[in-house]
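With the sequences and hints as input, model every part of the structure.
Given next are the chains, with one letter for each unit.
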Amino acid sequence: MNWLRNNLFNSPLNSLLTLASLGLLWLLLPPLVGWALVDADFHGSSRADCGSGGACWVFVINRLDQFLYGLYPLEQRWRVNCVLLAPLLFIVLARSRRAGRIRNWAAAIGLFIVVATWLLHGGWGLPVVETTRWGGLMLTLVVAAVGMACSLPLGILLALGRQSELPVVRAVCVAFIEFWRGVPLITVLFMASVMLPLFLPEGVSFDKLLRALIGVTLFESAYMAEVVRGGLQAIPRGQYEAAAAIGLGYWRRMGLVVLPQALRLVIPGIVNTFIALFKDTTLVLIIGLFDLLGMVQAAIADPAWLGYSVEGYVFAAAVFWLFCFGMSRYSQALEARLDQTTHERN
Amino acid sequence: MQLAVVASLLVAVTWIAGNTAANLESRGIASGFGFLSSESGFGIIQSLIAYDESSSYGRAFVVALLNTLVVSAIGILLATGVGFVIGIARLSSNWLVARLAGGYVEVFRNIPLLLQLFFWYFAVLRNLPSPRQSISVMDSVFLNIRGLYLPRPVAGEGIGWVWLALLIAMASAGVWWRLARRHQDATGERRAVFWPCLAMLAGLPALVLVLGGAPLHFEFAELRGFNFVGGIVLIPELAALVLALSAYTAAFVAEIVRAGILSVDRGQTEAARALGLRRGLSLRLVIIPQAMRVIIPPLTSQYLNLVKNSSLAAAIAYPELVSVFAGTVLNQTGQAIEVIALTMGVYLVLSLSISALMNWYNQHSMLRGRG
Chain L
474 MNWLRNNLFN SPLNSLLTLA SLGLLWLLLP PLVGWALVDA DFHGSSRADC GSGGACWVFV
534 INRLDQFLYG LYPLEQRWRV NCVLLAPLLF IVLARSRRAG RIRNWAAAIG LFIVVATWLL
594 HGGWGLPVVE TTRWGGLMLT LVVAAVGMAC SLPLGILLAL GRQSELPVVR AVCVAFIEFW
654 RGVPLITVLF MASVMLPLFL PEGVSFDKLL RALIGVTLFE SAYMAEVVRG GLQAIPRGQY
714 EAAAAIGLGY WRRMGLVVLP QALRLVIPGI VNTFIALFKD TTLVLIIGLF DLLGMVQAAI
774 ADPAWLGYSV EGYVFAAAVF WLFCFGMSRY SQALEARLDQ TTHERN
Chain W
91 MQLAVVASLL VAVTWIAGNT AANLESRGIA SGFGFLSSES GFGIIQSLIA YDESSSYGRA
151 FVVALLNTLV VSAIGILLAT GVGFVIGIAR LSSNWLVARL AGGYVEVFRN IPLLLQLFFW
211 YFAVLRNLPS PRQSISVMDS VFLNIRGLYL PRPVAGEGIG WVWLALLIAM ASAGVWWRLA
271 RRHQDATGER RAVFWPCLAM LAGLPALVLV LGGAPLHFEF AELRGFNFVG GIVLIPELAA
331 LVLALSAYTA AFVAEIVRAG ILSVDRGQTE AARALGLRRG LSLRLVIIPQ AMRVIIPPLT
391 SQYLNLVKNS SLAAAIAYPE LVSVFAGTVL NQTGQAIEVI ALTMGVYLVL SLSISALMNW
451 YNQHSMLRGR G
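Which chain is which? The protein sequence lines are L and W, in order.
Just so we're aligned, residue 474 is where the first sequence starts under our numbering, counting upward by one.
Just so we're aligned, residue 91 is where the second sequence starts under our numbering, counting upward by one.
Think of the hints as simulated: they come from the structure by calculation, not from any bench.
One or more hints might be untrue.
Partial list, derived from the structure: chain W residues whose beta carbon lies under 8 angstroms from chain L [stated by the list, open to error]: (1) L99; (2) N113; (3) L114; (4) I178; (5) V187; (6) L203; (7) N399; (8) Y437; (9) L438; (10) W450.
Each residue gets a CB set at the ideal place from its N, CA and C atoms; glycine is no exception.
Written out as structure tokens, the structure is:
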């Protein structure tokens, strides 16, 4: 009772606001719950099973396979599932005593990329699955994972280049970063799909997915570079000078002294860039790749299921939201933990 | 090291240029911007300046650019308004209000913009009734699948006097403001400024409007056959884009506003109250100016993001720069390099000039250290 008085009705204005908010909730929640759960249909196989007036989750459940795997051949899907297990391995690695070494991480990620490419694409004993058949959530995750794994190192290099004492290197990096940050991702993808073929010798053709991956990576690495630069600038000059004083060369100075401190400072920023990247993966549908949203969009246009667009979008939104919200919560927790350790040391 | 960088860049550039020239030649595409003056041959559903199928590609470019600016301007205004309200609501002492605002932010910023855009366009606006079953408000505003129809103000004879009255009102309000300021500097007494100025600005033109026999009337949209004619129409593509962009960006603006207000030390509020400033005044004279210093740089970058994100319109065929120019024009002419370069150039110029402005502002408003 006390809590109510202190937090909801402590002044006339607040009481009014509380009542207005309750009214808003009353208007929104009951119909929403009714639509999504109470009146919804869950079982069946065609639109004829959706007659109760609520949400038709039958549509989503029937198409779930496509939403998750795209057109990946049914009997080969175990390969995708294997790749999806990989994060577990990384968690094991993170818990082990060797986690501190950046070299181990790089080796693990490199190995993972090779194995995952082999598993997903095939060859060497496995039947080849063309990337045109990749789709759904699986494609979203592939674009996001490759984008993250490639844009971080590239971004670090660009940030170092921007701080470099060599004017040419600095100018090139600044121009590169400002260019990619100044244009929308969609024009980058357009460029990757219409201009890249013009830039290469005749006869050399690129996979569409690979072109999109290059576009996404270059674009996000520019944003990553700016985040890392923030960290580099926050490291006191003394650290740079001390590292030079003990006779370390440029790469060891950066790799052993500056970067470990700088990256730790900007982990939240890096995760935020990852979240933005994850949301940006949806744009690949504009150049004709079928990621999760692309699959949903295609399923909605299917005459057998006309009129269930809301259900499709809500499902896709829920999936994206879970990933992004999870990442942002993780970054907040990490931030809190890092804050704590630095305070303890001071 | 530097020589190596320059050399490898040069090699890469010549290699790419050589490949491109060879490719263009083999496809029979002439390079250059000459195509801009040839006839476009396609229509655009929304244009602010005169445009039809016989206009040139260059004119289509301008139309598309203006459409980008229109949607960005409306989006920025709405996103700022909603964002500030939500951001302040998140700091409310009212538990429920703060939670609702927090929920808004978490929902809208964690769902991809393109998905939100599709939702508004395909799931909401495409399901509106047909023109004959329009939702109407007092028979003057109509909403249907073809768009939102608003009455259009039509200026009649003598509208010039109203504009003149508005000018005079603006000038006198300015004078009043300065006088009040001087009075306060001299005597310390505060004079009312807001209400008298509002009265002048709204009252004088209204008075002239009535006295002049109302040289302004409205043209209402009318149902003729299967569609409405007349009035101002807001096409559904624009509405969906504005809804999605402003709802999405507002979530980010809200976070920026919250961080800005939190960044002002509590002591500042207490000091302002100790000086005897009322709550509203201490907010306006002490808190907000300091918060703005923190708010404005990230806010501008959000505005820039909004302008860049407006290019997602290509996915729902709102006729802005990317969909008209990098879409239709590119397909018709095949001038990939020129078209993409021009499109990217526009965005690049926009963002570089705004960030230059930002840097200038930053240096201008930076806390001056002592000594």
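Each hint, compared with the structure:
no.	hint	verdict
1	L99	7 angstroms, holds
2	N113	5 angstroms, holds
3	L114	7 angstroms, holds
4	I178	12 angstroms, violated
5	V187	5 angstroms, holds
6	L203	7 angstroms, holds
7	N399	7 angstroms, holds
8	Y437	5 angstroms, holds
9	L438	4 angstroms, holds
10	W450	16 angstroms, violated
Consistency note: the structure conflicts with the earlier hints numbered 4 and 10.
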